[in-house]
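Asker: Assemble the complex: chain X is given as a structure, and chain W must be docked to it using the hints.
2 protein chains.
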Amino acid sequence: MQTLLDTLAGIVGPAHVLSQGDLTAWEQDWRQRGHGKAFAVVRPASTLEVAGVVKACAAFCAAHPESGLSIVPQGGNTGLVVGSTPDDSGRQIVLSLQRMGAVRQIDAANLTVTVEAGCVLQTLQQSVLDAGYLFPLSLAAEGSCTIGGNLGSNAGGTQVLRFGNARELCLGLEVVTAQGEVWHGLSGLRKDNTGYDLRDLFIGAEGTLGVITAATLKLYPLPAAQLTAWAAVPSMQAAVDLLGLAHRHLGAGLTGFEVMGQFALSLVGSHFKQLRVPLFQDWPFCVLLENSDHESEAHARTQFEGLLEAAIEQGCVSDAVIAESLAQAQTLWQVRESIPLAQAAEGLNIKHDISLPVSAIPAFVEATDALLARAVPGVRLVNFGHLGDGNLHYNVQAPLGLDAAAFLRDFEPEVNRLVFDSVVAFSGSISAEHGVGSLKVDHLTHYKSPVALAMMRSIKQALDPHNLMNPGRVVKV
Amino acid sequence: MQTLLDTLAGIVGPAHVLSQGDLTAWEQDWRQRGHGKAFAVVRPASTLEVAGVVKACAAFCAAHPESGLSIVPQGGNTGLVVGSTPDDSGRQIVLSLQRMGAVRQIDAANLTVTVEAGCVLQTLQQSVLDAGYLFPLSLAAEGSCTIGGNLGSNAGGTQVLRFGNARELCLGLEVVTAQGEVWHGLSGLRKDNTGYDLRDLFIGAEGTLGVITAATLKLYPLPAAQLTAWAAVPSMQAAVDLLGLAHRHLGAGLTGFEVMGQFALSLVGSHFKQLRVPLFQDWPFCVLLENSDHESEAHARTQFEGLLEAAIEQGCVSDAVIAESLAQAQTLWQVRESIPLAQAAEGLNIKHDISLPVSAIPAFVEATDALLARAVPGVRLVNFGHLGDGNLHYNVQAPLGLDAAAFLRDFEPEVNRLVFDSVVAFSGSISAEHGVGSLKVDHLTHYKSPVALAMMRSIKQALDPHNLMNPGRVVKV
Numbered sequence: 038m039q040t041l042l043d044t045l046a047g048i049v050g051p052a053h054v055l056s057q058g059d060l061t062a063w064e065q066d067w068r069q070r071g072h073g074k075a076f077a078v079v080r081p082a083s084t085l086e087v088a089g090v091v092k093a094c095a096a097f098c099a100a101h102p103e104s105g106l107s108i109v110p111q112g113g114n115t116g117l118v119v120g121s122t123p124d125d126s127g128r129q130i131v132l133s134l135q136r137m138g139a140v141r142q143i144d145a146a147n148l149t150v151t152v153e154a155g156c157v158l159q160t161l162q163q164s165v166l167d168a169g170y171l172f173p174l175s176l177a178a179e180g181s182c183t184i185g186g187n188l189g190s191n192a193g194g195t196q197v198l199r200f201g202n203a204r205e206l207c208l209g210l211e212v213v214t215a216q217g218e219v220w221h222g223l224s225g226l227r228k229d230n231t232g233y234d235l236r237d238l239f240i241g242a243e244g245t246l247g248v249i250t251a252a253t254l255k256l257y258p259l260p261a262a263q264l265t266a267w268a269a270v271p272s273m274q275a276a277v278d279l280l281g282l283a284h285r286h287l288g289a290g291l292t293g294f295e296v297m298g299q300f301a302l303s304l305v306g307s308h309f310k311q312l313r314v315p316l317f318q319d320w321p322f323c324v325l326l327e328n329s330d331h332e333s334e335a336h337a338r339t340q341f342e343g344l345l346e347a348a349i350e351q352g353c354v355s356d357a358v359i360a361e362s363l364a365q366a367q368t369l370w371q372v373r374e375s376i377p378l379a380q381a382a383e384g385l386n387i388k389h390d391i392s393l394p395v396s397a398i399p400a401f402v403e404a405t406d407a408l409l410a411r412a413v414p415g416v417r418l419v420n421f422g423h424l425g426d427g428n429l430h431y432n433v434q435a436p437l438g439l440d441a442a443a444f445l446r447d448f449e450p451e452v453n454r455l456v457f458d459s460v461v462a463f464s465g466s467i468s469a470e471h472g473v474g475s476l477k478v479d480h481l482t483h484y485k486s487p488v489a490l491a492m493m494r495s496i497k498q499a500l501d502p503h504n505l506m507n508p509g510r511v512v513k514v
Numbered sequence: 038m039q040t041l042l043d044t045l046a047g048i049v050g051p052a053h054v055l056s057q058g059d060l061t062a063w064e065q066d067w068r069q070r071g072h073g074k075a076f077a078v079v080r081p082a083s084t085l086e087v088a089g090v091v092k093a094c095a096a097f098c099a100a101h102p103e104s105g106l107s108i109v110p111q112g113g114n115t116g117l118v119v120g121s122t123p124d125d126s127g128r129q130i131v132l133s134l135q136r137m138g139a140v141r142q143i144d145a146a147n148l149t150v151t152v153e154a155g156c157v158l159q160t161l162q163q164s165v166l167d168a169g170y171l172f173p174l175s176l177a178a179e180g181s182c183t184i185g186g187n188l189g190s191n192a193g194g195t196q197v198l199r200f201g202n203a204r205e206l207c208l209g210l211e212v213v214t215a216q217g218e219v220w221h222g223l224s225g226l227r228k229d230n231t232g233y234d235l236r237d238l239f240i241g242a243e244g245t246l247g248v249i250t251a252a253t254l255k256l257y258p259l260p261a262a263q264l265t266a267w268a269a270v271p272s273m274q275a276a277v278d279l280l281g282l283a284h285r286h287l288g289a290g291l292t293g294f295e296v297m298g299q300f301a302l303s304l305v306g307s308h309f310k311q312l313r314v315p316l317f318q319d320w321p322f323c324v325l326l327e328n329s330d331h332e333s334e335a336h337a338r339t340q341f342e343g344l345l346e347a348a349i350e351q352g353c354v355s356d357a358v359i360a361e362s363l364a365q366a367q368t369l370w371q372v373r374e375s376i377p378l379a380q381a382a383e384g385l386n387i388k389h390d391i392s393l394p395v396s397a398i399p400a401f402v403e404a405t406d407a408l409l410a411r412a413v414p415g416v417r418l419v420n421f422g423h424l425g426d427g428n429l430h431y432n433v434q435a436p437l438g439l440d441a442a443a444f445l446r447d448f449e450p451e452v453n454r455l456v457f458d459s460v461v462a463f464s465g466s467i468s469a470e471h472g473v474g475s476l477k478v479d480h481l482t483h484y485k486s487p488v489a490l491a492m493m494r495s496i497k498q499a500l501d502p503h504n505l506m507n508p509g510r511v512v513k514v
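Chains as they are written, first to last, in the numbering used here: chain X, 38 to 514; chain W, 38 to 514.
There may be inaccurate statements among the hints.
Pairs involving identical chains hold if they fit within one copy or between any two copies, as the list cannot separate such chains.
Computed cross-link-like contacts, BS3-like style, restricted to lysine-lysine with a CA-CA straight-line distance of at most 30 angstroms [said to hold, decoys possible]:
no., residue 1, residue 2
1, K310, K74
2, K92, K485
3, K92, K513
4, K388, K92
By construction, these hints were calculated from the structure, which means they are not laboratory data.
Same shape as in the complex, but just chain X:
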């Protein structure tokens, strides 16, 4: 294996092949659900270097099939499903894209930006903002996650309702295949029907089919104004009704629609006392709405007021406020974004990232709440998420007084089974925006259609016949 290290050092430079010392930053995911042991961390600085590394590893594997060597691509290592850290075999190379962070080109007339995989999402947002444009992907980890990871995991976030997932924001990719060839697919084209959609195959494949090294992404004009409102609603059905009204009143101006259960908000209230949580005690759910307007703030406000008046009249909103200032709007979003932290402060819990048809959510929540209450007396549900996309973070917290670790140990498998069975019964997905990684790969075997799984395996074998790329993630072959 030393020969391989020398070869790799020859490609990326000796300073960028790390095999000694503390590699925890690359070997452990940030939620600390997995801690592996890398054979080496390799940090290429260009697409050609990535291709060289993959080619060298493929050649080594061909010569030494007993080595069990494989490659784990890694971006910002902020994933939630243990998909970008090595296993504990000591036979995996972590291929870190973090040195490839350039914003290669902003094409204003084409409304596109071409960027390298290792660019941090927030850096990209800021670069295009400086040029007067919006790149709308936005999520909690944006300060450290990278574009390559966003595309590899088809990241979602808070603006999906209007702009789609990472997939919908991407027009073209540059990819190093499992054979170490470079596919130059960096198209800035909005229409291109010349064969199979390879782009969307690599997006969401979590590095199991090849390595995304760069992407051409859509830009949007900056809105003239962005307003935030907070509405208390009498039920989940009322929240769904409000969503329908908001679509009609705001059209494409509706860029955010988040729902938060009362218990989730009360956790923010008790763990972050400096945040004033508005309007929550008397109603089961609150909704945060965002209206982005290309005209003016006055226009946005009139539109928002019209919507909320209609909603109050129809009974789907009990009480509402529109933020008067940017600072107030940021506080409202901060309340929403603080739920995961408040929940962590309350103790370990069982997280779910599920999606359902929006129309099915009220019945799903009612049925699943009841099932859980029966299975775990006193259970507390931290239910919040991107209702506009049908995406709930339906998390399960230990009953008051029960030790959180004991709760996880005793109840996690049953709670997962119960929630996932219910999701499938309501035609939903057990992984909406976080992906599969290692954590959900066995759940997928159980819940995904066997016909789909067979096609996934065929594709994996076709594009990566030696199982070199991130083996064991997404689909086992």
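Answerer: Same frame as chain X, now just chain W:
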């Protein structure tokens, strides 16, 4: 082969296996670029029947590999690249989806509709309109093309600028695989990260990987008003500048942006004298703009006027009108839609469906116009298309006085080479929205990246190892 016919008759009923008489309607594409000979036309009425047919054919091929039998899925047979008619071997089964036309379900709260593959696009548009919603896919053949064909070919059309291609409008598919298995992927989910994106692999695969039998598609609220404007511009660069301004002024309200060259408009003027073509003689290009507003017609008009004033001030619009009535708007669209017919009336011509980064279009047009003028003295260019998507129908008409048939015979290969070389030099695509079919499969071999072609072949072999589905289309294996 008679046994197979009997088996198929047992599955779909004897009345729906056609092997005698005039089968021209299924054997010939509507532009009459290809006329084949089917072994039979089979017309299943359900997904299970489709699966039965494919399974029976797969079994027959396994038992009789020398038969060379294969399947050509067909929808409305309105394609432009000879992708859904049989070859002349007499060994292909045309699998017509036209009996599967049901709109299965409209889910208003989820903003989705589930529809069978054989449903005619216009029928679907009308069904959801009756329920108060918009399905925005819109193209010339909408009166006879089907949803299955739209998805199989990833159709584009006039609303792509705002709503994307057929691909972006689809949330889930039901597919019969090349093995005759049913994949139930009819998700109404806006987020679902449970493995490889099989949906987008079948979309645009032109029936070469399996048969799309149904789809769940996105709906939108109906706009409150839709206004159309017509602007004369001093150059293609001015048209591109106008597009940028329109994005800023109208935001997501901008739902149409079509460019038309002067010669294209003059053909409409001379072949359709009853249509009054506005504002074209003095300027090289005109632009048709559409503004869809969720508020009111008055608001739409104010927005449009603001845009056009700014554009005239900046010099990127020379003159403009906003349609005063729906009838006037329809006439403007009719002028745009009449270009292909006017062009046909003028005589046979060489058609191109190309796309480029919007920013590259002015330079591409200038360079390619000059190359063609040198290669074919007196050549006439019918240049029009969806500029908002970077998609031009850059068609080449014989010089005045030259026989059209002789022109095609003598110049088509050279003109194609010249245009396609130029497209590739400007980072464009040689098939923007019409697909590959038979007509462009050899062009693709020449112009597409070998790395991409190799991946396409691997995928085809993985999912359809016996080359049963629409062989020879999209990619040859």
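Asker: Among the hints numbered above, which are violated by the structure, and what are their numbers in rising order?
Answerer: Violated: hints 1 and 4.
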